[in-house]
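If you read the protein sequences in the order shown, they are chains A and B.
For the first sequence, the numbering used here begins at 31 and goes up steadily by one.
For the second sequence, the numbering used here begins at 31 and goes up steadily by one.
A portion of the hints provided could be inaccurate.
No copy is singled out in the list; a pair is fine if it fits within one copy or between any two copies.
Said to hold, decoys possible - Calculated pairs, EDC-like style, for lysine to aspartate or glutamate (alpha carbon to alpha carbon, straight line, at most 16 Å):
1. Lys170 / Glu109
2. Lys116 / Asp44
3. Lys64 / Glu132
4. Lys163 / Asp70
5. Lys116 / Asp37
6. Lys64 / Asp34
7. Lys64 / Glu158
8. Lys171 / Glu132
9. Lys116 / Glu67
10. Lys116 / Asp83
11. Lys174 / Asp45
12. Lys170 / Glu158
13. Lys116 / Glu60
14. Lys64 / Asp45
15. Lys174 / Glu132
16. Lys116 / Glu81
17. Lys171 / Glu158
18. Lys163 / Asp83
19. Lys163 / Glu68
20. Lys64 / Asp114
Because the hints were derived from the structure by calculation, they are not lab data.
Listed below, chain by chain, are the residues.
There are 2 protein chains.
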Amino acid sequence: MRMDLPDIVRMLADDNLGSGRECNETPLPETYYKAFEEIDRDPNHELIVAELDGAVIGTLHLMFLPSISYQGGLRSQVESVRVDSKYQNRGIGSQLMNYALERASLRGAHLMQLTSHQSRRDAHRFYERLGFKLTHVGMKKNLK
Amino acid sequence: MRMDLPDIVRMLADDNLGSGRECNETPLPETYYKAFEEIDRDPNHELIVAELDGAVIGTLHLMFLPSISYQGGLRSQVESVRVDSKYQNRGIGSQLMNYALERASLRGAHLMQLTSHQSRRDAHRFYERLGFKLTHVGMKKNLK
């Protein structure tokens, strides 16, 4: 929900890599709300949060990507997986990911894919425990 | 265009990894056409082909992913990049990718991302020449 957006941005910014690229001010820059509206409108996107006692302590962006490959198979992809630093190592990330995997299976996706920065070795092990295989390289090019 | 779909599937199937997962029959299985219609309807997806003398000799699936991260920045992603095996090493892949990069910049995307199987070393070098950095790992989990 829109009211969760400041918590989502707080978690994205509270991170080695994220701290330099987010702008966690009050009020949030309007660009965050514009992106939220677009995600909220698009049935191929789900912005998921984990709550504990009414507080938002985890987030994950699940997306569905129609594709010609794999005989026109639907892919799912996750981005921006974060758990509040105060609540890490309690299985909340696994619960979030398992929820996303269930949603993806229900929707008929034949695979889930993600990329993770090479420096996040703990994250790779976390995803391997969930059944992900490290088969690909992830490449990015800045356009600005 | 819908009439290009058999050529796109032919190129996806003509590949070490793709041959086992596509079904390049005439007529194509209906699942390909259903996926095509969904992609065609969605303004965040562009299925691009390269043509030479009226023949389809390359393909690429460009997608735009709205995102909360990077201050609500729009991402672009490419999947299923293929050049007809008879026309490789003539710069057609670079032309396709540069066209996609231009489209992504025009649309305001702040980055382009892709994954490539670890075994495709030539492809990694190809993308590095285009300015992509190999900063991430790509992980996949089969759901079926």
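The hints, checked one at a time:
no.	hint	verdict
1	Lys170 / Glu109	both (14 Å within a copy, 13 Å between copies)
2	Lys116 / Asp44	within (11 Å within a copy, 49 Å between copies)
3	Lys64 / Glu132	neither (28 Å within a copy, 23 Å between copies)
4	Lys163 / Asp70	neither (30 Å within a copy, 31 Å between copies)
5	Lys116 / Asp37	within (13 Å within a copy, 52 Å between copies)
6	Lys64 / Asp34	within (14 Å within a copy, 35 Å between copies)
7	Lys64 / Glu158	neither (34 Å within a copy, 32 Å between copies)
8	Lys171 / Glu132	between (31 Å within a copy, 12 Å between copies)
9	Lys116 / Glu67	neither (28 Å within a copy, 45 Å between copies)
10	Lys116 / Asp83	within (14 Å within a copy, 61 Å between copies)
11	Lys174 / Asp45	neither (22 Å within a copy, 33 Å between copies)
12	Lys170 / Glu158	between (22 Å within a copy, 10 Å between copies)
13	Lys116 / Glu60	neither (27 Å within a copy, 49 Å between copies)
14	Lys64 / Asp45	neither (23 Å within a copy, 40 Å between copies)
15	Lys174 / Glu132	between (36 Å within a copy, 12 Å between copies)
16	Lys116 / Glu81	within (13 Å within a copy, 54 Å between copies)
17	Lys171 / Glu158	between (26 Å within a copy, 9 Å between copies)
18	Lys163 / Asp83	neither (34 Å within a copy, 41 Å between copies)
19	Lys163 / Glu68	neither (31 Å within a copy, 28 Å between copies)
20	Lys64 / Asp114	neither (24 Å within a copy, 40 Å between copies)
Violated hints, listed in ascending order, are 3, 4, 7, 9, 11, 13, 14, 18, 19, 20; each of the other numbered hints is respected by the structure.
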